[in-house]
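Fit chain B to the given chain A structure using the hints.
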Amino acid sequence: MFTFIRIAWRNVVRNPARSLITIGAVAFGLAALIFLKSFVTGADHQMIANYTDLLIGHAQVHKLGFQKDMGLDKSINNPSSLARTLLDIPSIVAWSPRIKDFALISSPESSAGVLLMGIDPVNEKHLSTLHKRVHSGRYLDKGDDDKVVIGRQLAENLRVGLDDKVVVMSQGADGSLSASAFTVAGLLDAGAEEIDKNLALITLNAARDLLVLTGRISEIAIKAASLEEVDETVRALRRAIDPKQFEVLSWKEISPMTYQWMQFDQVFTGLILVIVLLIVSTGILNTVLMSVLERKREFGIMAALGTRPGQIVFLVAVESFILGSAGALAGGLAGWGLSYFFGMRGIDLSALSDALNSFYIGSVIYPKADAASVGLYVGVVLLVSVIVSMIPARRASRLKPVDAIAG
Amino acid sequence: MSLLVEVNNVSHVYRKQRSSVETKALDGVELKVHAGDFMAIAGPSGSGKTTLLNLIGGLDYPTSGDIMVDGVYVNKLTPVQLAEFRLRKIGFVFQAYNLIPTLTALENTQYVAFLQGTSKKHRDHDAMSILKDLGLDTLIHRKPAELSGGQQQRVAVARAVLARPKIILADEPTANLDSRTGEDLMDLMHRMNQNLGMTFIFSSHDKMVMDKATTLIKLHDGRITG
Numbered sequence: 000m001f002t003f004i005r006i007a008w009r010n011v012v013r014n015p016a017r018s019l020i021t022i023g024a025v026a027f028g029l030a031a032l033i034f035l036k037s038f039v040t041g042a043d044h045q046m047i048a049n050y051t052d053l054l055i056g057h058a059q060v061h062k063l064g065f066q067k068d069m070g071l072d073k074s075i076n077n078p079s080s081l082a083r084t085l086l087d088i089p090s091i092v093a094w095s096p097r098i099k100d101f102a103l104i105s106s107p108e109s110s111a112g113v114l115l116m117g118i119d120p121v122n123e124k125h126l127s128t129l130h131k132r133v134h135s136g137r138y139l140d141k142g143d144d145d146k147v148v149i150g151r152q153l154a155e156n157l158r159v160g161l162d163d164k165v166v167v168m169s170q171g172a173d174g175s176l177s178a179s180a181f182t183v184a185g186l187l188d189a190g191a192e193e194i195d196k197n198l199a200l201i202t203l204n205a206a207r208d209l210l211v212l213t214g215r216i217s218e219i220a221i222k223a224a225s226l227e228e229v230d231e232t233v234r235a236l237r238r239a240i241d242p243k244q245f246e247v248l249s250w251k252e253i254s255p256m257t258y259q260w261m262q263f264d265q266v267f268t269g270l271i272l273v274i275v276l277l278i279v280s281t282g283i284l285n286t287v288l289m290s291v292l293e294r295k296r297e298f299g300i301m302a303a304l305g306t307r308p309g310q311i312v313f314l315v316a317v318e319s320f321i322l323g324s325a326g327a328l329a330g331g332l333a334g335w336g337l338s339y340f341f342g343m344r345g346i347d348l349s350a351l352s353d354a355l356n357s358f359y360i361g362s363v364i365y366p367k368a369d370a371a372s373v374g375l376y377v378g379v380v381l382l383v384s385v386i387v388s389m390i391p392a393r394r395a396s397r398l399k400p401v402d403a404i405a406g
Numbered sequence: 000m001s002l003l004v005e006v007n008n009v010s011h012v013y014r015k016q017r018s019s020v021e022t023k024a025l026d027g028v029e030l031k032v033h034a035g036d037f038m039a040i041a042g043p044s045g046s047g048k049t050t051l052l053n054l055i056g057g058l059d060y061p062t063s064g065d066i067m068v069d070g071v072y073v074n075k076l077t078p079v080q081l082a083e084f085r086l087r088k089i090g091f092v093f094q095a096y097n098l099i100p101t102l103t104a105l106e107n108t109q110y111v112a113f114l115q116g117t118s119k120k121h122r123d124h125d126a127m128s129i130l131k132d133l134g135l136d137t138l139i140h141r142k143p144a145e146l147s148g149g150q151q152q153r154v155a156v157a158r159a160v161l162a163r164p165k166i167i168l169a170d171e172p173t174a175n176l177d178s179r180t181g182e183d184l185m186d187l188m189h190r191m192n193q194n195l196g197m198t199f200i201f202s203s204h205d206k207m208v209m210d211k212a213t214t215l216i217k218l219h220d221g222r223i224t225g
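These protein sequence lines map, in sequence, to chains A and B.
Read in numbering that gives the first Met the number 0, the first sequence has 169 at position 170, and its numbers run on one by one without any break.
Read in numbering that gives the first Met the number 0, the second sequence has 107 at position 108, and its numbers run on one by one without any break.
One chain only, chain A, in its complex shape:
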């Protein structure tokens, strides 16, 4: 076997220019693929992190059916016992109780329908980044039960500014129509329409008073230690919480469109992978086929001397594997290195910041290479290099010695 490997190696190095071009093509394709995948993964990761951190959290616990049909009748009666369950799950790093309902917000000049959220300002700061998106004024503090923070666009629509009065009106849990006046404490500029145009934040106490929800909440938003731990955290929550009473939803279920967008990115990367593999296979096939055709006489001699067809197939496959593995190694290292370098430094796309912000992606993207993907792509390239070699290999193994030697 080693003799065939030695012959294969010498065949690869006997035409160094051709072999280097092939190795270079494989390396370039693979490096580009790994970098692209890292870029998309980095952008996706940023998008999900920003999106979940901004408002929804990594997961939410509701009364069963709340997600499908939000209403005060589906509120959680005993949040403190639920909170104790959360403390037992180590991957949960922050959680925040909320009350959510639709309401009408009015100024002297205009009115609009909004999503009214009652929050615990202290807990909420550990869970969401909304407090960092205050464009003017300030965020809610503990005890700000007469204050409201609203989106900038909403303020424009209502034609109100900081310290102006607005009235929030909604139907309470007991069926009564209730209204309270609030002072605008801050304006949010999150770059997302659903927040800037449709959100009004008040304290949890104020919401309970307004909506007649004493001691109750609508949801608990949860933050896991990392995005990678969300699925396991959700599974742990589902095991710990009575599924007949509560629903535990991950961000993928809360915002399926965001999840689908991420999946679309993966399909897109998969398509690029197929294209790169086609280019890589064509390059390797071309080189190995040329090499086999040039060495027809040599294969004829080997066959005449008693080399078995399977041994000739093995020889050609090893040659192809050497080319593929050299390209895969170089491409893998280059792709990983580029991803690592730009992952630390970031790629500044400030010129596209408006478009990127609308997808919750920052203007500096940090590519994120993961070992599993790099390993997978390198493995696939190696496999492809062997598979494509079967075409010239079978051709070489089927040569009739007398014809091949005669040329």
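Rather than coming from a laboratory, the hints here were simulated on the basis of the structure.
Do not rely on the hints blindly, as some may be mistaken.
Simulated crosslink set (EDC-like; lysine to aspartate or glutamate; CA at most 20 Å straight-line) [unchecked claim]:
1) B:Lys-15 x A:Asp-402
2) B:Lys-142 x A:Glu-297
3) B:Lys-75 x B:Asp-65
4) B:Lys-211 x B:Glu-182
5) B:Lys-23 x A:Asp-402
6) A:Lys-399 x B:Glu-21
7) A:Lys-62 x A:Glu-252
8) B:Lys-142 x A:Glu-293
9) A:Lys-399 x B:Glu-83
Frame of chain A, contents of chain B only:
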């Protein structure tokens, strides 16, 4: 001496691809070769010498007739069985040497023995011994391109002999060599025939080669004429 090769009424026709033109290379050839023979098949170019050697060596199938080598009907073997047959029973020395260009003289010498599964230790020992006998022991690490024609042909003989085949087929082995080198090569093969009892069949139209042979077969237009 026991019968080693028996060629019974063998004909061979070449057909050009995508053409109906046929060339009859052999026409009803009958031949018997005994173990230990040092036989020359002589004849002008196009007389069918190479074709006959190719058929005996299992490099091609006859169009009709039977060829038995060491008790095996060569013409009835599959291509894979033929590869095994060539490996175990036949040694080839080609006119154009046909060494593997990426292997050194030592590696070329060992190649067939390697295919036969001989251990590296034995291969190294036997190859060095035979290359020394052939005066090539200082050239063992040279590749074919770095050897002269005579040196390459001696490596080819060493490769054929090292595998201990039943029969060595040498197709015009001296054709590309000068007369002195050619004669040395024939003496070398004759010594091996005498010392090791190996059977040699070589084709040639060189008078020196015919003179050295112990048996001479003449071929003309695909028929044995003497």
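Going down the list of hints, with the structure as the test:
With a C-alpha separation of about 12 Å, the suggested pairing of B:Lys-15 with A:Asp-402 holds against the 20 Å cut-off. The straight-line distance between the Cα atoms of B:Lys-142 and A:Glu-297 is roughly 14 Å, inside the 20 Å bound, and the hint therefore holds. For a cut-off of 20 Å, the pair hint linking B:Lys-75 to B:Asp-65 stands: about 8 Å separates their Cα positions. The hinted pair formed by B:Lys-211 and B:Glu-182 meets the criterion: a straight-line CA distance of about 9 Å does not exceed 20 Å.
With a C-alpha separation of about 17 Å, the suggested pairing of B:Lys-23 with A:Asp-402 holds against the 20 Å cut-off. Restraint check for A:Lys-399 and B:Glu-21: satisfied, since their Cα atoms lie roughly 19 Å apart, inside the 20 Å limit. A C-alpha spacing of about 15 Å is found between A:Lys-62 and A:Glu-252, which places the hinted pair at or below 20 Å, so the restraint holds. Taking the CA atoms of B:Lys-142 and A:Glu-293, the gap is about 19 Å. The hint holds against a cut of 20 Å.
A hinted pair counts as satisfied when its Cα atoms are at most 20 Å apart, and A:Lys-399 with B:Glu-83 qualifies at roughly 15 Å.
When the structure is compared with the earlier hints, no violation turns up for any of them.
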